[in-house]
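2 protein chains.
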Amino acid sequence: SCRKLKKKRHNLSQLELHLFFTKASVRLFIHKVTAPLHPKVDVSHPHILYSYIPFVVLQLLYEEWASYSVFYKYQPIGLIRKYFGEKVGLYFAWLGVYTQMLIPAAIVGVIVFLYGCATVDENIPSMEICDPRNNVTMCPLCDQACSYWKLVTACGTARASHLFDNPATVFFSIFMALWAVLFMEHWKRRQMRLNYIWDLTGFGEEEEVSVRNVKKNKASPDHSHICLFYLYVFKYNHVLAPTQSLDEKVKLTCSDRLPAYMTTVVMMCLMISVTFAIVFGVILYRISIKAALHMSSYPAARSNIRATVKTTAAIINLIIIIIMDEIYAAIARWLTTLEVPKTDKSFEQRLIFKTFILKFVNAFTPIVYLAFFRGRLVGRPGKYLYVVGSYRMEECAHSGCLMELCIQLCITMLGKQLIQNNLFEIGIPKIKKLLRQRKSEMDTKQEEELNKTLRRHEKDHFLGPFIGLNPEYMEMIIQFGMVTLFVASFPLAPLFALLNNIIEIRLDAKKFVTELRRPIAAKAKDIGIWYNLLRGLSKVAVIVNAFVISFTSDFIPRLVYQYTYSPDGTLHGFTNHTLAFFNVSDFQPGTDPLEPMHLGYKVDMCRYKDYREPPWSTTPYDFSKEFWAILAARLAFVIVFQNVVMLMSDFVDWLIPDIPKDISLQMHKEKILMVELFMKEEQGKRLTMRERNTPQQPRSRPNSHTNCV
Amino acid sequence: SCRKLKKKRHNLSQLELHLFFTKASVRLFIHKVTAPLHPKVDVSHPHILYSYIPFVVLQLLYEEWASYSVFYKYQPIGLIRKYFGEKVGLYFAWLGVYTQMLIPAAIVGVIVFLYGCATVDENIPSMEICDPRNNVTMCPLCDQACSYWKLVTACGTARASHLFDNPATVFFSIFMALWAVLFMEHWKRRQMRLNYIWDLTGFGEEEEVSVRNVKKNKASPDHSHICLFYLYVFKYNHVLAPTQSLDEKVKLTCSDRLPAYMTTVVMMCLMISVTFAIVFGVILYRISIKAALHMSSYPAARSNIRATVKTTAAIINLIIIIIMDEIYAAIARWLTTLEVPKTDKSFEQRLIFKTFILKFVNAFTPIVYLAFFRGRLVGRPGKYLYVVGSYRMEECAHSGCLMELCIQLCITMLGKQLIQNNLFEIGIPKIKKLLRQRKSEMDTKQEEELNKTLRRHEKDHFLGPFIGLNPEYMEMIIQFGMVTLFVASFPLAPLFALLNNIIEIRLDAKKFVTELRRPIAAKAKDIGIWYNLLRGLSKVAVIVNAFVISFTSDFIPRLVYQYTYSPDGTLHGFTNHTLAFFNVSDFQPGTDPLEPMHLGYKVDMCRYKDYREPPWSTTPYDFSKEFWAILAARLAFVIVFQNVVMLMSDFVDWLIPDIPKDISLQMHKEKILMVELFMKEEQGKRLTMRERNTPQQPRSRPNSHTNCV
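Protein chains in written order, with this note's numbering: chain A, 56 to 764; chain B, 56 to 764.
Derived by calculation from the structure, the hints in this document are not laboratory data.
There may be inaccurate statements among the hints.
Identical chains share a label here; the pair holds if one copy fits it or two copies do between them.
What the hints assert, rightly or not - Simulated crosslink set (DSSO-like; lysine-lysine; CA at most 27 Å straight-line):
#	residue 1	residue 2
1	578	726
2	716	243
3	716	580
4	735	488
5	565	580
With the hints as constraints, model all of the structure from the sequences given.
Below, the structure written as C-alpha cells:
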C-alpha cells in the first residue's frame, strides 16, 4: 500500500549518508583514524562499522572543510549537516552563497574604484581646485585660532574624494541594489534545494508534532525521533532555564507581561539614546581636538590636522562600537528573559530582534551622522551654529563629506572584522580552553597519558560549549548592511567583505570542529528571521543609497551646473559656482581670525561652500535660487532613483522562480506517485467493499453526478 | 493503515455536500420543484434522490443568491462552488470580500467629503477669491477673443474645489493605501479558508496529475476524477482550438516564436499610441470648442463655458473609452492566438496581461493627463505654448485642475459602470438570446409546448455560452484602480464602487443562473494573475497619490505659505502670493485682447497663477525663488509620503498572518494524524521485518547513531 512510498521518503536521508560512506570508505577511514585507538575492530560487522561513522565524518570535516588550504572549494554541506544538524548546515550554506555572491560585487566594485582612479586627472572640479592660478581665499574653519586659507590647499582631498564621488558610483549602487535582490533569490532557491535534498519539504511546525507523538510511544524503535525529542527538551532547559517553570502554568495575561514590555521599551530607548550620546561625544572630541591642534603652533601638527583628527575619531568610534556591542548583547538577553516568552522559538526571535536593533544602531549611527548630518548644521560665516558653549559644529572638507564617510566605513569594516575575528573568535575560545584545562587540576603529563586512555566524548568535555549561531549571523548581517547601505560612498566594501568571509568560513569551521563541543543537532527549514532582516536591509539600502548619491555626493550639483548654469556645457567654473561670498566685516565680534594677514594680504571678501546670496544682494546671505533649484533636483533624483530601482528589483524578483525547475519537477513526480498509490488502494478498498456489502455502492456516485450533470 | 486518513481527506468534500442536503431537504425541494415535471419520482431510493441535487441547487441559487432582494446577505459560496465549480466560486467570493471591504472605505470617504463641505466657508483662499473688495484683474484665458477678467468670477470653482482639495484628503489617501493592503491580506486569508474547506490545500499543479492517472485506470469507479478529466480536455479544445494541433508537435523554438512576439510588441505600442492620439484629439476639441464659445457673443454661452466644455469632453472621453475597450479586447485575443502558447493556462495569462495593459492605458490616460500634465505646459502670458498652429494649451481653473479631475473620474466611473452593466451585461445577452431563438425556426406557440416536454439540459441549449470570468475580473480591476489610484482627488470613488458592486454581484448572479449555460466546472486554487495585478496596483497607488496630493492639489503651496512666507502664520494673502504680475505691454503682437476695456477701465498689469519674477525684477518672468522652494517642498513631501506609507503597509502586511489561526491549527492536527499513522505502520512493519530476517535489523540504527552520538 503506502509502504513503498513512505519507505522511499524515509530512506532519502539515509541515501545521502550512503553517498558519502560506502562500506569501503568507512573501513578505510577506520583503519586510518580509529584503528590506533581500538586496534581490534571487527569491521566485518556492519553494525560496528556504522557506529564509527561520526568519527569518520569529523575526520573528513577536519580535512576537507576546516582548513584554509581548501578555501577555494565548495563546503561539504551534506557532511556538515550530517554531523552538526540542519541548523548549522543551513548557516554554512548561507554563508557560502553570500560569499560566492560577493565575488561579482567585489569585482565590479574594484572596477568602479579603478575607474575613479583613472579619471581623477580629467576631473575638472578637482583640477580647478588644484589650479593655483585662480587663488580663492576661503573663510576660516574655526573662530579666531584659524585664519583665511587658500582653496589650493584642499587639492589633495578634492582629488581623493573623486575616487569615491564619480558617476560610476551611481551605476554601482543601482547594481548593488539588484545584486541584493539576486542574492535573496539565489538563496531562496538554494534553500529550497537543500530542503528537498535533506527531506525537510514536509517539515514545518511538526517539530513539536513528532516530539509529542514520540512522547506517547517511547517504546518505538524509531531512534531518530526520540533522539530529536531528547535534544529538543535538553536544549529547551538549557536556553530557557528561568522560564521553564512557567511553562506548566496557565498562559500569562497581558497585565502580567506589561511591566516587562514597558522595561524593554524604556531600556531600548535608553540604550539608543546612549549610542547617540556617545556619537555626539566623539563629535565634540573631534571639534575640540581640531581647535586645539589649530591653536598649536607646530606647522607639522597643523599640516595634517584633518587626517589625524579623522583617523583618531574613527578609531575611537570603532573601539566604542566593539565594546558597546558586547554590552548590548548582554542587555538584550536580559530584557528577553524578563519578557518570559513561551517557546524558545519566540525567545530566540525576540532576542535576535532586540540585539539586531541595538547593534545596528550602534554600528551605523556614526556613519549615518557622517553621511547626512555632518556639515549640514554648520550655519554660515558670521552666523555659525554653536553647540555646548562656543564649539562650532564641524563642517566637511571642501569636496563633501564623502571622503570622511569612506574612511569611517573602511576603518569600521576592517577593524571590526579583524578585531572581532582574531580577538573574539580565536583568542577568547583559546583562553577559555586554557582556563578550563587549568581548572581540572592535573599537570600536563598526567593529562597527556590520560588523553590516550580517554574516549572521544570524554575528551570533548574540555571543549567550549556551543552558544548558538546568532552571533555569527548577526556579524554577517551587520556586514551585509555595510555592503549594501552605503555602497554608493564606498565601492570597495564588497571586496573587504569578500576577503573577510573567505577567512570567516574556515575560521568558523575550525571553531566548530576543534574548539567547541559538538552542538546538539537542531532541525531547521530556513534561516528564519534572518531572511526577513536581510530583505528589510536590502529595501532600506535603496533609499539610503539614493540619499547618499543625491545629498552626500556632489553628483547632482555637478549635473545641474553642467546642464543649466554652465556657459559652455562643461564643468568649468563649477567650483566658483559652489562658493558663496562673505564680507569679512560681517563677522560677529570676537569670531574674526586673530591673524587676518596670515596669507600675506588684506582680505575683505572670503568664500565658503554654500549656495547663498552675496553680501551685495537685497537679501544678503539668504539661500539663493540655485540652492532651491539644486535641492529640488536632488529630491527629484531620490524619487526617480528609488522608484526605478524598486521597479527593477520587483521585476528581477518576479523573473526568477523561487523553486528550481528540477526540484519542482521532482516534487511533482513524487506527488503523482502518492496520488497513484492512494487511488490504487482506494480502488482495491472499493472492490473489496463492494463484494462485502452492496448498499455501500451507490454512495460513490452522487458527487460524480453533481459534477457531471 | 493509511486508509482511515485518506478516507477522511477524501470525504471532506462530500461532507460539505451533506451539510447542504440532508435527504429531507432534498425530498422537500423535489416535491416543490421537480415533482410537477416528473410526477411519480421514487424519492425513497437514495440514488434517484441524489440525481436531482443539481436542479435543487440551481433552484436554491436562484432564490437565495440571484435576486436583488437578498443584496444584504452573504453569498452562498459553497453552493455556487458546488454548481459552477471552484473557479467561479472563487470569483464571487473575491467579489464579495471586495464589496465588503469597500463599505468602510466608502464611509470614510463620505466623511472626508462632508468635512470638505463643512469647512468650505472657513477656507481662507476661497474666501479671498470670492471677496469682491480685493479686485484682481486676471490675464485673458485665450488670445484676442478673451479679455481680462476678475478673479471674483472664479469664486464658484474655488469653493467647489475645496471640497476635494483639503487636508482631509491627505489623511484619506494614506487610509486608502493601508485599506488596499488590508484588503489583500483579508482576501489571502479568505482564500486560504476556502482552499481548506474545499479541500484544495493539496491541489497545485496536480490538476494534470489526477487527470493523467485517471487516463490509466479509466475503469475505476472514481467518477469525479474522470469527469474532471473530460471537462478539462473539452475546455482545452474549446479555448485552444488553434493551438491544439501544435501540442503534439515538438516544442517551438525561439526563432519560430520571434515574429509573433515582434508583432505583439509593435501592435501593443501602436495601440497605446492610438490611445494617446485620441486623448490628444479630445484635448484639441476642448481647446477649439472653448475658443469658439469665447468668440460667440451670447452671454449665456460664455457664462457656463467651462462646465459645458468639461462635461462634453468627459462624455466624449467616456464613449471613446468604452468603444476602444471592446476593440482592444479583440486585438489582445488575436495577438495571443498568434503567439501560440503551449497550455491554456499560459494562453489565459498572456491574454489577461495584454488586455489589462491596453484597457488600463485606455481608461487612465485621460485621467493621468488631467492630473499631472494639464496646465503644466501652458507657458506664461506673452510667451504661451502653442500646439498645431495657434491653439494655446489649456490651463486649469484658478484653483488647480483637481476639479476637472474629479468630474472626469466621476463621469468615467458612473458612466462606465452604468453603461457597461446595463447595456453590455443585461442588454446584449438578452438580444443574443432572442436571436438564437429566432434562428431555431419555430413560432413561440410550438416552442412553449415544447418547453413543457423539453428536459432541463435541452432547454439550456437556448442559453448563451459561458465566455469565462476574465471580463468580469477586468472590469473589477479597472474599478479597483479608480478607487485606489486617484482617491486623493476623489474621495467619493469608493462609495460609487460600492453601490456599483452591490448591483454587480446580483447582476452577475442572475446572468450565471438564468442567462448562460452552466459553465464547465474548473478547479482553481486562487484567482491567479489577478492577485498580482491587484498587488501591483496598490503599490502604484501610493506613489500616484503622493504626486496627486503634492502636485495636483494646492496642499503643499498652502503649507509652505502658511509656515514660511505668511506674515501672521495664517493663509491670509495666499491667493495674492500665488499670482504673478504681467505687464500687458509685453504681449506678443496679435495676442493681446481685442476689447481691452472689457472691464471698464484701462489695464496695465494683469495677474496669472504662477510663481514667476515680476516684470520689474532683473530677470522678468523667470521662475522665482518661491517656485523652486515650493517645488522642493512638493518633492520632499512625495518622498516622505511614499516611504512612510510603504513602511506602514509592510508593517500591516507583516502583522496579519496569511493563514487564519483556526485553519492552521486544523491543518496541524491533520499532519499529526498523518505522522502518527505513518509511525504506527512503520513500527508494525519493523516488527514483522525483525521477526522475518534479523540481519536487516541493524539497518535501522545507524541514522539514530549519527544523530545521537
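Verification of the supplied hints:
For a Cα distance limit of 27 Å, the shortest separation of residue 578 from residue 726 qualifies both inside one copy, at 24 Å, and across copies, at 18 Å. Taking the closest pair of Cα atoms, residue 716 and residue 243 come within 27 Å of each other both inside a single copy (13 Å) and across two copies (26 Å). For the homomeric pair residue 716 and residue 580, the shortest alpha-carbon distances inside one copy (20 Å) and between copies (21 Å) are both at most 27 Å. In the homo-oligomer, the alpha carbons of residue 735 and residue 488 never lie at most 27 Å apart, since the shortest distance is 61 Å inside one protomer and 46 Å across protomers.
Taking the shortest Cα distances, residue 565 and residue 580 sit within 27 Å of each other inside one copy (25 Å), while across copies they are farther apart (48 Å).
Checked against the numbered hints given earlier, the structure breaks only hint 4 and satisfies all the rest.
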